[in-house]
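Enquirer: Use the sequences and the hints to build the structure in full.
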Amino acid sequence: MWVEIGLLLMMLFIYAVLRDKRPRNCPPGPVEIPFFGRLPFFDEEMGEYLRKNYGDIVMHRTGPVRSVYLFDYNTAKEALARPEFADRPDIFSTFSIDEQKVGGVVGSNGLHWQHDRRFVLRNLRNLGMGKSYLEEAINIEAKALVEDLKKYGGEAINYPDSFRTVALNIIWQMVASTRYDLRSSEVETIYRLTSEFRDKFTVLSLLPSFIPVLGRLPEFLKNIIFGDDIIERFVEEMKNVMNGAVDKHLEDYDPDNPRDLIDEYIKGMKESEGDDNSLFRRGALNQIVNELFGAGSDTVYNMLKWVAYLLARYPEYATRMQQQIDAVVPRDRMVSLDDKPNLPLVEAFTVEALRYSSMLVYNVNRAATRDANISGYFIPKGTMVIVANYSIHHDPRYWDDPHKFYPERFLDDSATKYTAPKQGFFAFGSGRRQCAGELLARMELFLFTAAIIQHYDVLPPEGVDLSQNKFVTLAGSRIPSDSALIYRARI
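Residue numbers (mature numbering (1 follows the signal peptide of the UniProt record, and there is no 0)): -19 to -1, 1 to 472.
Since the hints were derived computationally from the structure, they do not count as laboratory data.
Be aware that a few hints might be false.
What the hints assert, rightly or not - Straight-line distance between alpha carbons at most 27 Å, and here's what the computed DSS-like set of lysine-lysine pairs gives: (1) K385 <-> K58; (2) K251 <-> K82; (3) K131 <-> K321; (4) K229 <-> K248; (5) K181 <-> K82; (6) K82 <-> K220; (7) K33 <-> K385; (8) K82 <-> K229; (9) K403 <-> K385; (10) K251 <-> K229.
As the list claims (entries may be wrong) - Computed spacing ranges between beta-carbons, pair by pair: (11) L185 <-> R469: 41 to 47 Å; (12) S356 <-> V194: 29 to 35 Å; (13) E232 <-> T56: 48 to 54 Å; (14) I138 <-> L198: 39 to 45 Å; (15) D352 <-> P296: 52 to 58 Å.
Here the structure is a predicted model, which means the values were calculated and not measured.
Glycine residues also receive a C-beta, built at the ideal position from the N, C-alpha and C atoms.
Expert: This is how it looks when you write it as structure tokens:
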């Protein structure tokens, strides 16, 4: 009898393992450990390894969740344009501060996403995105940055706090009518939390999101193994920051004089009171503000790190750009967007920085809303679809000598005109979920970069070889490791 029971259990186990295998005609990928798959990953090295061994479309699994990585530009662009790949996966709810976990722009889906995205785009445009007075606001911050760097007196410093505050101030004035001092203690607290989260966040931190049964472990074990307390503390602290901003607006809200995006959303909430079908909700507002806060500040902050590093690493480009700026713009005037056509190397430098850095190693995840296919491969419903930005940006099919920093690739043959990339560029995504703040981000990156170049020589300390500098990938963001650089004012 025991033999029969043992055989039955073995047969059931074998049957379960066979049922657990990758479905037929799915993309190739590494061997899956039954019922577990493999650990998730954030780094570009693992992506390049998968691409080299399995091709441009690779399936990778963690727990019950399968992900398809797209390493080819044309394949990725075609897939992300399709409505069946427009949703975000459920994993985004882990980081939502909306109590219903459905609001916001980045991680929401369906009607909630359509409603919140339209609201955000409409109001950012109304509040200046793409307009001349927003350029003025950016140049106010650029001037403040120039003055702040003077205070270091040419000493070698790590990437300054002002890099993060100038970026935050632009979006935060549009969202909450607030401008911080460049060395604000409030901003320091927020970024300390962000840095702590990024430094301590590991691939293990995501496992409970992929394998829900792990969420039933005792709290002390989840904190030790997965760092659950780090995620919870970060989410809670950000919720407190956003609640504070919204509460203040509710206290002094004037329906006849809306000042910013928060006021406009509050207006929508009040006008739809009593409507059970309204998508204007306090939780959704908190999440929208949280997403704009992060996307509008942290991204530009990290790109300014790249700009400073690249200026110090390639001083020949800094010299050429200074000559180009000096020929067009008087030293007592900030560079404007009107100057851009006459500063093709500056624009080419910023776009090459976006490509070369591939700061977001992987584009923001999508999810298949139904069974579908990509290039003939079967993609089951619920599969995460992930575009490998780094691999696309370093693909020799689209870029000559892709691992070389070479701004000239975005100039015409005479080197007098900027030429936009026609393919192989994925820094802002593609399709229906292309970055809503792309225009603002490009304006900021160009004007802040031009301000630094116009007024400073960025240099490594004597004896420091930046060619040996390492890049680190923290929670999916690829950034230069901390570097003390000298910001020497130009005479």
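Enquirer: Now tell me if each hint is right for this structure.
Expert: Here is what the structure says about each hint:
| no. | hint | result |
| --- | --- | --- |
| 1 | K385 <-> K58 | holds (24 Å) |
| 2 | K251 <-> K82 | holds (21 Å) |
| 3 | K131 <-> K321 | holds (26 Å) |
| 4 | K229 <-> K248 | holds (14 Å) |
| 5 | K181 <-> K82 | holds (24 Å) |
| 6 | K82 <-> K220 | holds (13 Å) |
| 7 | K33 <-> K385 | holds (20 Å) |
| 8 | K82 <-> K229 | holds (23 Å) |
| 9 | K403 <-> K385 | holds (19 Å) |
| 10 | K251 <-> K229 | holds (16 Å) |
| 11 | L185 <-> R469: 41 to 47 Å | holds (43 Å) |
| 12 | S356 <-> V194: 29 to 35 Å | holds (34 Å) |
| 13 | E232 <-> T56: 48 to 54 Å | holds (51 Å) |
| 14 | I138 <-> L198: 39 to 45 Å | holds (43 Å) |
| 15 | D352 <-> P296: 52 to 58 Å | holds (54 Å) |
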